[in-house]
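Peer 1: Sequences are here, hints too, so could you generate the full structure?
Listed below are the residues making up each chain.
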Amino acid sequence: MSHKTHAAPGTISRRGLLAASAAAGAVMALPQGALAQAEGQLLLWLPGGSDLFCKIHTGLLDGFSKGANLGPATTVCGLGQDTEFTQALIGSITAGAPPDISMLWDSPVSLGAQGAFMPLDDMMKGSKIPLETWPAGLLSSCQFKGVTYGLPVTAGVYAMWYNEEMLEARGVKSDRASFPKTWVEMRKMSKEFTVWDGDNLKSAGFMPNRIPETMAIWSALNGGMLFDEANLKYALDSEQNIEMMNFFLEWLDEEYKGDVNLIDRSGNFREGYADGATGVGPAFREGRQAGLMSGSWLMGDIYADPVPTFTRWNQAPNPVGPSGSAPVSGTWPNWFVIPIGSKNPQAAFDYLAYLAVEGSVEWYQQIPDVPTNSQVQLKAPTSLVERRGQEFADDLTAFLATQAAVVTPMWNSPSQSFGNDQMARAMEKIFTHASPVKEALADAQTAAQAELERVLAG
Amino acid sequence: MPVGPTTVGAAMPRRKRRAGQGEARAGVLFALPWMLGLTIFTAIPLLLTFFIAQSKFQITGPPKWVGMQNYEAIFADPAFWTSAGNTFMFAVISVPLKLVLALGLALLLNRVTALSGFYRTVFYLPFLMPAVAGSIVFILLLNPSAGPVNLMLEGMGLHPPDWLRDPRAALWTLILLNLWPLGVETLVFLGGLQNIPKDVSEAADLDSPKGWHKLVWITIPLITPMILFNLVIGIIYSFQIFAQALVIGGTTGKPAEATLMYMVVLYRLAFRYFNMGQAAAMAVVLFLVVLLLTLLIFRTARSWVYYEGDSR
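Sequence order for the protein chains is A and B.
Using my numbering, the first residue of the first sequence is number 1, and each one after it goes up by one.
Using my numbering, the first residue of the second sequence is number 1, and each one after it goes up by one.
Rather than coming from a laboratory, the hints here were simulated on the basis of the structure.
One or more hints might be untrue.
[What the hints assert, rightly or not] With beta-carbon atoms standing in for the labels, derived distance ranges:
id : chain 1 : residue 1 : chain 2 : residue 2 : range
1  : A       : Asp199    : B       : Tyr124    : 40 to 50 angstroms
2  : B       : Leu128    : A       : Gly71     : 42 to 52 angstroms
3  : A       : Ala136    : B       : Leu291    : 38 to 48 angstroms
4  : A       : Val147    : B       : Pro126    : 34 to 44 angstroms
5  : B       : Pro148    : A       : Ala304    : 24 to 34 angstroms
6  : B       : Leu179    : A       : Gly279    : 20 to 30 angstroms
7  : B       : Phe229    : A       : Val147    : 54 to 64 angstroms
8  : B       : Leu47     : A       : Gly146    : 37 to 47 angstroms
9  : B       : Val92     : A       : Gly279    : 53 to 63 angstroms
10 : A       : Ser323    : B       : Phe127    : 32 to 42 angstroms
11 : A       : Ala95     : B       : Tyr124    : 30 to 40 angstroms
[Claimed, not checked] The calculated lysine to aspartate or glutamate pairs, modelled on DMTMM-like cross-linking and capped at a C-alpha distance of 20 angstroms, are:
id : chain 1 : residue 1 : chain 2 : residue 2
12 : A       : Lys66     : A       : Asp350
13 : A       : Lys257    : B       : Asp166
14 : A       : Lys191    : A       : Glu255
15 : A       : Lys429    : B       : Asp166
16 : A       : Lys429    : B       : Asp77
17 : A       : Lys429    : A       : Glu250
Computed from a predicted model, the values in this text were never measured in an experiment.
Even glycine gets a Cβ: it sits at the ideal position worked out from N, Cα and C.
Peer 2: The following block contains the structure:
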């Protein structure tokens with residue numbers, strides 16, 4: 001499975017670090033041919049992911065290579081998330097022995113702007129995946145100064161997940177149409193579910209967002225943005241963002257005793273997975289949280305350990321903030337790039353074209369990362385059909401397609417990680433009351449803009 | 001006639017001289033792999049670091065010379081000073097604390113006669129555990145809600161801190177974690193203690209029945225070379241603390257940058273922000289600071305380290 005954990009924003013999880021250590025060892029133990037691929041034999045690198053994720057990609061690449069009369073292909077799986085994967089990839093590029101294709105779980109813009117990846121625009125012209133077949137908001141996560149450095153072949157699409165059974169138990173309507181349309185409504189509904197036992201949060205409704213990666217979506221929901229791509233400027237301390245953080249802080253103070261540590265001690269209320277650092281279980285799947293914003297990849301994991309205590313869950317559009325006008329969504333794509341120095345750039349691009357249109361259908365059926373190319377005809381994931389029936393699976397697939405069409409531009413700064421870390425730092429200061437909202441965001445803005453200008457200076 | 005090496009060499013029979021040359025050649029050959037390793041993996045990267053520190057280095061393409069710009073940038077970066085301050089605090093507290101604890105442990109082990117080998121092994125074992133694994137064990141032990149440490153402290157009626165999330169406690173947790181693998185320092189001290197001549201020790205016992213007199217006036221002065229060794233190694237290590245800090249605080253030094261260490265900032269500059277030039281500049285600064293500190297310690301060591309056979 002390809003889920004991205006938010007447990008440690010801008011950080012490394014212990015599981016990730018262990019996996020990276022193991023992966024680094026595995027890479028060192030690889031035969032020479034797997035590191036420096038010959039012409040006509042494709043080499044694909046994948047970051048983290050389950051055995052199934054690896055199996056799907058190995059099968060897709062092998063099938064394509066056979067069909068295209070290429071030599072035997074190699075898929076290297078589980079090379080680790082975040083920094084450790086990037087480290088290995090940079091090393092291979094600078095050593096002149098990169099993979100032909102690499103999946104990334106971080107925007108290709110930063111490294112692309114530094115010349116690490118091949119521009120794809122010329123190859124896309126006249127191919128079966130030209131620029132116009134990609135949603136602009138999504139493709140912008142791969143583009144810098146008009147150059148396309150990667151493809152968002154599939155993406156986890158963010159929406160509001162909710163526990164239908166928990167809502168119904170409190171007499172709240174659980175159909176999608178009745179789900180709160182605004183933050184104010186969501187906050188009001190959230191109160192219904194908040195139960196404290198001393199300093200232990202037994203159950204909760206919804207939470208103020210504390211995941212820096214998704215802050216671009218929340219900002220857009222409030223009519224703002226974090227990064228203004230057109231003018232190459234950060235906007236972390238814009239009026240909309242100050243209003244957003246004030247809203248979250250008031251919510252935290254009013255409903256959650258103003259103490260994020262108390263929340264974190266009580267469970268992982270931030271995402272649908274166990275906390276990567278402490279192993280604390282996901283409150284949503286434990287039936288202790290009414291809902292949360294999550295990526296669609298959770299559909300592939302929700303029935304894994306810990307098995308949810310409920311059967312019926314659903315998804316709804318993200319509610320709008322006080323200054324927002326329309327619901328938007330966001331994505332965390334599975335980006336694919338062709339590193340500079342690839343021995344088989346054209347074959348690698350042909351594989352990406354195949355993966356984007358045909359391969360991603362098979363991928364989605366087994367792991368629900370949503371294909372993003374407009375030519376793809378989606379079929380509901382098999383596992384979801386088995387669990388919830390064809391009708392629900394079809395409905396959810398159609399819903400995700402509507403959400404994918406309204407994604408806000410994100411992951412599009414050439415200094416993405418730096419900007420994200422600054423936001424994470426500001427959020428930590430704000431939520432621990434270490435710094436006023438305005439001041440924390442202004443500090444983050446100054447630092448992020450300075451780094452952006454350094455990167456842009458070339 | 002003065003007998004110098006040249007004269008002796010000249011008088012040496014040819015066969016012996018050839019044998020000497022052969023031995024020298026063999027010696028060089030035996031040392032060659034190590035010398036090559038030192039050159040390729042240490043000397044060249046070290047020199048390159050000085051060069052990259054004065055360049056803007058992209059992933060592809062040659063580095064561009066920017067002079068002192070990278071140094072100016074890192075000195076203007078608040079993260080540099082935060083991490084330098086944290087690292088300095090960490091070193092100042094953890095190095096002496098570790099020396100005292102290791103010495104105490106060595107003194108105890110020096111008294112144990114039965115099972116001494118077992119105890120030495122047990123105390124050395126934590127050193128063999130990878131830093132990442134050790135950190136994860138500590139994270140689980142110190143979990144505020146379900147960790148055994150807090151459960152025990154709460155059972156005693158105490159209010160334990162949130163070790164990893166409270167900014168006031170997090171650096172201390174890191175220091176605590178660093179104190180755990182004491183094995184090497186303890187064994188070095190133990191070696192020193194066991195080398196103290198018995199007659200000196202017995203004479204000290206006769207002179208004063210008070211144990212601490214013997215410790216202060218006899219034992220510690222005689223193991224000052226070991227203290228010097230552990231001090232220098234401890235300082236070098238503590239300024240380079242990385243894995244534990246990364247596991248606990250990630251690249252942002254959570255909570256509230258309390259665990260943001262110098263090496264973590266260096267690492268994230270290089271591999272998260274892809275700013276190799278500034279990362280190299282930070283490496284150079286660290287190298288110079290540690291070098292200066294080490295030289296300073298060696299300089300002062302003349303006045304407090306006692307070597308057997310010294311005329312002082």
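Peer 1: Each hint should be assessed against the structure and marked as holding or not.
Peer 2: Hints versus structure:
1. Take aspartate 199(A) and tyrosine 124(B): their Cβ atoms lie about 41 angstroms apart, and the range 40 to 50 angstroms holds.
2. Remark: the range hint 42 to 52 angstroms for leucine 128(B) to glycine 71(A) is upheld by a beta-carbon distance near 44 angstroms.
3. Checked against the given bound of 38 to 48 angstroms, the beta carbons of alanine 136(A) and leucine 291(B), roughly 53 angstroms apart, lie outside it.
4. A hinted range of 34 to 44 angstroms for the beta carbons of valine 147(A) and proline 126(B) is inconsistent with their spacing of about 51 angstroms.
5. For proline 148(B) and alanine 304(A), the hinted distance range of 24 to 34 angstroms is satisfied, since their beta carbons lie about 28 angstroms from each other.
6. Our hint of 20 to 30 angstroms for leucine 179(B) and glycine 279(A) holds, since their Cβ atoms are close to 24 angstroms apart.
7. The supplied range of 54 to 64 angstroms is met by phenylalanine 229(B) and valine 147(A), whose beta-carbon atoms lie about 56 angstroms from each other.
8. For leucine 47(B) and glycine 146(A), the Cβ-Cβ distance of about 39 angstroms falls inside the hinted range of 37 to 47 angstroms, so the restraint holds.
9. Hint check: valine 92(B) to glycine 279(A), Cβ distance near 33 angstroms, so the stated range 53 to 63 angstroms is violated.
10. Between serine 323(A) and phenylalanine 127(B) the CB atoms are about 56 angstroms apart, so this pair departs from the stated range of 32 to 42 angstroms.
11. About 37 angstroms separates the C-beta atoms of alanine 95(A) and tyrosine 124(B), a value consistent with the hinted range of 30 to 40 angstroms.
12. Using a Cα cut-off of 20 angstroms, the hinted pair lysine 66(A) and aspartate 350(A) holds, with the two alpha carbons roughly 13 angstroms apart.
13. Only pairs whose Cα atoms come within 20 angstroms are accepted, and lysine 257(A) paired with aspartate 166(B) is accepted, the gap being roughly 16 angstroms.
14. Proximity of lysine 191(A) to glutamate 255(A) is assessed by CA-CA distance (about 7 angstroms); at most 20 angstroms being required, the pair is judged to hold.
15. A distance of roughly 12 angstroms separates the Cα atoms of lysine 429(A) and aspartate 166(B); the hinted pair therefore holds under the 20 angstroms criterion.
16. Distance check on the hinted pair: lysine 429(A) and aspartate 77(B) sit about 18 angstroms apart at the alpha-carbon level, within 20 angstroms; holds.
17. Restraint check for lysine 429(A) and glutamate 250(A): the C-alpha separation of about 15 angstroms stays at or below 20 angstroms, so the hint holds.
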